[in-house]
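Asker: For any residue, its number in this note's numbering is found by taking its place in the sequence shown, counting from 1, and adding 19.
Worth flagging that the hints you see were computed from the coordinates, not collected in a lab.
All C-beta atoms, glycine included, are put in the ideal place defined by N, C-alpha and C.
Any given hint could turn out to be false.
[Said to hold, decoys possible] DEER-style ranges, computed between Cβ atoms: (1) Ser171 / Tyr149: 38 to 44 Å; (2) Gln67 / Ser171: 27 to 33 Å; (3) Pro109 / Leu132: 15 to 21 Å; (4) Tyr78 / Tyr110: 30 to 36 Å.
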Amino acid sequence: MISETRSVMRQICASMVFVIHVVIATFGVVVAPPAHAEGWRVGIYSGQWADTRLPYLPYNAATGRLTFSDSYLTSVIMSRHLLTRDLFIPYTSIGFSDARIEFEGTASLHRGLQTHEEVTLGVMLRTRDYDLASFGTINFGWANGFSYALSSPAHEYGTNLVRGQDTVQFQYYMGFEAEYAHASWDRLSVFTRLHHRSGIYGIISPSRTGSNIIGLGLRLSLGAK
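Given the sequences, and given the hints that come with them, work out the whole structure.
Answerer: Here is the structure:
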């Protein structure tokens with residue numbers, strides 16, 4: 020089991036290194052971050068299983084139909100700023116100025132209806148900080164990568180679409196985040212986050228074999244301001 024886990028982790032790391040090279044090749048050479056940019060950051064996150072598929076989550080949340088199961092996630096999130104640059108669709112004004120690209124890894128513990136460990140590796144695209152006047156700043160992030168459950172998830176649907184049977188350990192990972200900080204907070208920020216696992220509609224595993232977990236977190240910047 021240990022050798023299989025190490026083999027999978029090596030494959031995930033190799034895949035993420037490839038993704039980073041593609042990002043740099045696509046958007047140009049690494050841009051030196053400004054003096055105020057963070058280096059390493061560490062976050063603590065806690066979330067709960069949302070009873071919804073990802074496409075229906077906004078509607079269910081807006082209409083009050085979103086419910087939760089007694090399955091919980093606690094994560095340590097490590098991230099590192101890689102580059103900052105303007106990202107726009109060619110010949111359009113659609114995109115972001117001063118967008119940040121970060122390398123991110125998480126180590127998580129599931130409890131409740133499923134009890135296993137999970138690790139993820141991904142690349143986060145984060146907007147610049149938007150000023151909220153005296154209220155502080157907010158930015159938005161979108162992470163893509165891979166997730167590996169160290170044992171079979173007991174609450175996810177398996178490949179036969181029966182909950183807890185033939186569940187898939189290696190899945191696609193995606194994270195959505197909104198991060199807020201006040202000017203008076205030294206190196207600290209708070210964030211809300213969606214932690215998503217899926218088979219990418221049959222590419223890795225059948226549809227509905229993943230999970231959506233929503234929660235809150237606290238993040239500390241370890242780099243110099």
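Asker: Each hint: holds or not?
Answerer: Quick rundown of the hints versus the structure:
1. Ser171 / Tyr149: 38 to 44 Å: holds (41 Å)
2. Gln67 / Ser171: 27 to 33 Å: The hint (27 to 33 Å, Cβ to Cβ) is violated, given that glutamine 67 and serine 171 are roughly 21 Å apart.
3. Pro109 / Leu132: 15 to 21 Å: violated (46 Å)
4. Tyr78 / Tyr110: 30 to 36 Å: holds (33 Å)
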